[in-house]
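Student: Take the given structure of chain L and dock chain E to it, following the hints.
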Amino acid sequence: AQSVTQLDSQVPVFEEAPVELRCNYSSSVSVYLFWYVQYPNQGLQLLLKYLSGSTLVESINGFEAEFNKSQTSFHLRKPSVHISDTAEYFCAVSHTGNQFYFGTGTSLTVIP
Amino acid sequence: DTGVSQDPRHKITKRGQNVTFRCDPISEHNRLYWYRQTLGQGPEFLTYFQNEAQLEKSRLLSDRFSAERPKGSFSTLEIQRTEQGDSAMYLCASSPSGANQETQYFGPGTRLLVL
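Residue numbers (this note's numbering), protein chains in the order written: chain L, 4 to 115; chain E, 207 to 321.
It should be emphasised that the hints constitute simulated quantities derived from the structure, not laboratory data.
Since we're looking at a predicted model, the values are computed, not measured.
Among the hints, a few may not be true.
Stated by the list, open to error - Here chain E is said to cover these stretches of chain L; the calculated rule only asks that three of the stretch's residues, wherever they fall, bring their Cβ under 8 Å from a Cβ of chain E:
(1) 42–52
(2) 73–87
Said to hold, decoys possible - Short derived list, chain L residues pointing at chain E, Cβ under 10 Å:
(3) Gln-9
(4) Ser-12
(5) Val-16
(6) Phe-17
(7) Ala-20
(8) Asn-27
(9) Tyr-28
(10) Tyr-35
(11) Phe-93
(12) Cys-94
(13) Ser-97
To be verified - Covered by chain L, according to a simulated footprint, are these stretches of chain E (three or more residues, beta-carbon under 8 Å):
(14) 246–255
(15) 273–286
Cβ coordinates follow ideal geometry from the N, Cα and C atoms, glycine included.
Isolated chain E (complex conformation):
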């Protein structure tokens, strides 16, 4: 399977703990996106990388959230001092450069539950 993969698929944590999620994009895609989706809502944009450079960040991305893509391949999203409001599905997507750069391929998501 050469699609976008995310790990873990599910995470349960206690309030105040730190969590880290990983996303492996499609190998030839240099664009990578993180979204958050809560129940009954569409995906909300969090951040976007082109290669290793983080080019856009949403105001939703508080200072407790940090994302990295150090080698321009996989990416990690860390949430520090988790809060119950952080409970959501965290989605990763990737897209190629060039003609189809607007076409995003989504991973299955990581479902986070903060108790």
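Chain L on its own, in the form it takes in the complex:
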């Protein structure tokens, strides 16, 4: 069985400060890993994904995540956040690419 744990339900951070949103997964087999973002009053959007290859993946808006197999983690980081990054962030895992398991989400609030 696969599951995803997002330990932090809410993360407040000041503008231009760094942030890390934690994600751990449990799976006995190789997985695909994803981060989705949901801005206020909008649908879920893919932020970045890890399928294979380089363990560090980046998004176009400055976020990055690193797949750590030994720690079964896929934490999301950004060195300097903006007000516009305020959103709900969901980590997800899939083994087959058909069924996806989402975490409970982390609400990131950027404080001016």
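Tutor: Relative to the frame of chain L, chain E by itself:
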């Protein structure tokens, strides 16, 4: 707008009634997914279609729930004899085949309230 669309956006119904939701995926996407999301939770996988074939179903999908995708384009999700516990946001997503099949595009969701 060529994104995933869902109809209706909101539905209020009385316990015991049947409801049906529709999802129109991005036109060239042959994969379609249904999820349920309750407050404070992430999306929970319900079912997955490839073209018109329903290939995976979650154990969450009780026998009161049925999903169809008869022509491999739009899909419907029906809930029979609704219960208050069915109140949730129902999300639809689609993805292409091939290299980006893992990239899901989500619709805005249908929010269901069962009184």
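Student: The structure should be examined with respect to each hint, and the outcome stated for every one.
Tutor: Verification of the supplied hints:
no. : hint    : result
1   : 42–52   : holds (count 6)
2   : 73–87   : violated (count 0)
3   : Gln-9   : holds (8 Å)
4   : Ser-12  : holds (8 Å)
5   : Val-16  : violated (21 Å)
6   : Phe-17  : violated (25 Å)
7   : Ala-20  : violated (25 Å)
8   : Asn-27  : violated (14 Å)
9   : Tyr-28  : violated (12 Å)
10  : Tyr-35  : holds (5 Å)
11  : Phe-93  : holds (5 Å)
12  : Cys-94  : holds (8 Å)
13  : Ser-97  : holds (7 Å)
14  : 246–255 : holds (count 7)
15  : 273–286 : violated (count 0)
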